[in-house]
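Same order as they appear, the protein sequences are chains A and B. Counting in our numbering, the first sequence runs from 1007 upward without gaps. Counting in our numbering, the second sequence runs from -14 upward without gaps.
If you're looking for bench data, these hints aren't it; they were derived computationally from the structure. Treat the hints with caution; some may be incorrect.
[Stated by the list, open to error] Listed next, the in silico DSSO-like pairs over lysine-lysine satisfying Cα-Cα at most 30 Å (straight line): (1) A:Lys1027 - B:Lys263; (2) A:Lys1074 - A:Lys1089; (3) B:Lys312 - A:Lys1159; (4) B:Lys305 - A:Lys1208; (5) B:Lys233 - A:Lys1028; (6) A:Lys1073 - A:Lys1027; (7) A:Lys1203 - A:Lys1230; (8) B:Lys233 - A:Lys1171; (9) A:Lys1008 - B:Lys233; (10) B:Lys263 - A:Lys1203; (11) A:Lys1089 - B:Lys383; (12) A:Lys1207 - B:Lys340; (13) B:Lys167 - B:Lys192; (14) B:Lys305 - A:Lys1159.
[Unchecked claim] A few chain B positions that, by computed beta-carbon distances, are all more than 10 Å from chain A: (15) Asn29; (16) Gln95; (17) Ala145; (18) Arg156; (19) Ile166; (20) Ser314; (21) Arg347; (22) Gln349; (23) Lys356; (24) Glu373; (25) Asp380; (26) Arg381; (27) Ile426.
[Claimed, not checked] Computed footprint of chain B on chain A, listed as stretches where at least three residues anywhere in the stretch have a Cβ under 8 Å from a Cβ of chain B: (28) 1021 to 1030; (29) 1169 to 1182.
These numbers were taken from a predicted model, which means no experiment stands behind them. Virtual Cβ for every residue (Gly too), placed ideally from N, Cα, C.
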Amino acid sequence: MKVLIIEDEKTLAFEMEKFLKKAFFLCDLAHSFKQGVNKLELNQYDYVLIDLGLPDGDGFELLSKAKKSNPDAAYIILTARGKLEDRVAGLDMGADDYLAKPFFLPELQSRMQAIARRKFKVDEALIPLGNFNIDLQKRFVFFEEEQIELSRKEFDLLSYLLLHKNRVLTRMQLSEHIWGNFVDDDYDSNYIDAHIKNIRKKLNVYAPTEWLETVRGVGYRIKK
Amino acid sequence: MVIELRSNLKLSTKLTLFITGSKLAIVGLFILLLPFLIGQIASNYTNFSLRNQQKKVLQNINKKGIDYYFEGDNSYGSYTMLKDEYIALETVAQTLKLDTIRDTKRIVEQDTIAYRVLSFTFQKNQKTYLLEIGKTTASINLYNDALQRFALYVLIILIALSIIIDLIFTRQLIKPLGQIIKLRLTNSRFPFKKKHGNINTSTQDFKYLDHSLISLMDQINEAFEKEREFTANASHEFMTPISILQNKMENLLTEESASEAVQEHIVDMMKTLERLKKISRSLLLISRIENEQFSKQEEIEPQTLFNEIIEEIGHRLEEKNIQIDIKLSHNKRLGHINHDLLFQLFYNLINNAIKFNKENGRIQISDLLEKGYYTIQVSDSGQGIKAEDIPHVFDRFKKTGHAENAGYGLGLAIVKSIANYLNLKVQVNSIHGEGASFKVIFETEQRMSKSIT
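Here chain A stands alone, though its shape is the one from the complex (with noise of 0.2 Å):
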């Protein structure tokens, strides 16, 4: 998969085209409008990523540019203005997603997974987990042919670890993915720990979890 990253602050460019090599993203940096129009001409991507605040033109020109010189392409506009109208405008000309800075790198990369599920039709079959299934489109885990009931919540850390499997999540990065960047007057909360001891409760039942560890002092992985 090929991704442009068209971000002008160069250290937050390469530290995205870091974090994405690790999931063997394939990636390629713009660092203006005009280096973006440039290669946006020249290649074909899988995936665009524009910060709307460039310092020589606007990110919703390039949009609307990019949409037509590679028109199968998915689209994250990336925005530390943050505002309402800006992600409606986004989202209204066709971008795919929006993130508002700043935001954790899984979260872009689990952004850019949901995209390829939705938009490539990447259909991926019951991902096995242990002993258990989990079935990431209808949202269900299942224990040979018994289905376990997980909350909303429990269901969406599980999936979210294990899209991100052999890497530890923070407890910061996992609560951001699950109850959103909405402001929050809490800084040290630890329910995320609530949520992992309800999943290992539920599914304790059924067989060992193990491969759920603790990583102390850090967060959670799923290891495979």
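Based on these hints, arrange chain B on the given structure of chain A.
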């Protein structure tokens, strides 16, 4: 007491009191002086008429000779029928010289009567004559009472008339002041966005006052606007550096070379950064609300809203084993609100109710009609708020709780800006140690009209 009372009066009342008071004082003084004045006038008039009669008598003597009166006798006297006037003429010693008017008593046919007497001596045919013209003092003051009464009535009518005219005039005169107070101060709500109509006045001072108020409000608005802009810009500007730091740390965390100890340090740094991020986001949210970047055209049923909130926050209730009772009996549908903002408002209130609650505590959510307004109340059995802290709970960065669970001090500041934006009123009641209760009052009439049947 009187001074205290007066200091609270309206200007128009004060003017009325002053005008009436000063006029009554003048009238009072005049009434006191009136008998004296009228007496004086009557007395002067009497003297004048005595002199007139003297002139007439002397003219007669000059024309017709002294015998016209004496008729051979050497004295002359004449009374009116009721003895209230008399005239007397007689010869006196050569040396006597008199020209006086004085009050004295005369015995007239066995009656002692008080008279005002003009005594005048004159020479005629080498003889000296004394002319006396008298008028009873009773007759002098005969009309005084009637005159006084008449003067008093006229005066009272005139005073009443002038007070009425003054009142109408002053009322008209200070009317623009009331309009200015109503239009610029009472009816205008900060921030003063709407430019209200002009005040119609020809009084220079009121024009000046009005213009000064308008320019003062503009200045306040400008300062407020600048602060708002600064907050918005500052929190925006923080987002990019926070982004860079956060993403760098995330990548660092996945480095294979990072030991467990290093990873823990990185997570600690991420927690601190998370705090900075949430503060910036909260400030940004406040400035976005203040910049009116949210729609107000949504509707919601409170029950649905609370179900959504409980779904988000339920795990926190479980953690502290807090029992929550939601009793909404009015079946209202709230209109002209923003769903996300109202969600955030009640989320913050409930979050606080959990945060500052004790283990196994309670939270009660109920609705009521207060003064006809639909009101939702969130009460908890937590530690409550100290009385001296209550006025500051909505201030930004004001942390009144215990340090361990204080948060950033922006939760209630957000509640307040949302309430302002959606025209809601939030009231706090708390007894320290026994819990706190927040009332959200939906003060717009149309909210009441929609009811689900």
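Structure-based check of each hint:
| no. | hint | verdict |
| --- | --- | --- |
| 1 | A:Lys1027 - B:Lys263 | holds (29 Å) |
| 2 | A:Lys1074 - A:Lys1089 | holds (26 Å) |
| 3 | B:Lys312 - A:Lys1159 | holds (26 Å) |
| 4 | B:Lys305 - A:Lys1208 | holds (21 Å) |
| 5 | B:Lys233 - A:Lys1028 | holds (14 Å) |
| 6 | A:Lys1073 - A:Lys1027 | holds (24 Å) |
| 7 | A:Lys1203 - A:Lys1230 | holds (20 Å) |
| 8 | B:Lys233 - A:Lys1171 | holds (20 Å) |
| 9 | A:Lys1008 - B:Lys233 | holds (22 Å) |
| 10 | B:Lys263 - A:Lys1203 | holds (26 Å) |
| 11 | A:Lys1089 - B:Lys383 | holds (27 Å) |
| 12 | A:Lys1207 - B:Lys340 | holds (26 Å) |
| 13 | B:Lys167 - B:Lys192 | holds (15 Å) |
| 14 | B:Lys305 - A:Lys1159 | holds (19 Å) |
| 15 | Asn29 | holds (94 Å) |
| 16 | Gln95 | holds (115 Å) |
| 17 | Ala145 | holds (67 Å) |
| 18 | Arg156 | holds (52 Å) |
| 19 | Ile166 | holds (39 Å) |
| 20 | Ser314 | holds (29 Å) |
| 21 | Arg347 | holds (21 Å) |
| 22 | Gln349 | holds (21 Å) |
| 23 | Lys356 | holds (31 Å) |
| 24 | Glu373 | holds (22 Å) |
| 25 | Asp380 | holds (14 Å) |
| 26 | Arg381 | holds (12 Å) |
| 27 | Ile426 | holds (23 Å) |
| 28 | 1021 to 1030 | holds (count 5) |
| 29 | 1169 to 1182 | holds (count 5) |
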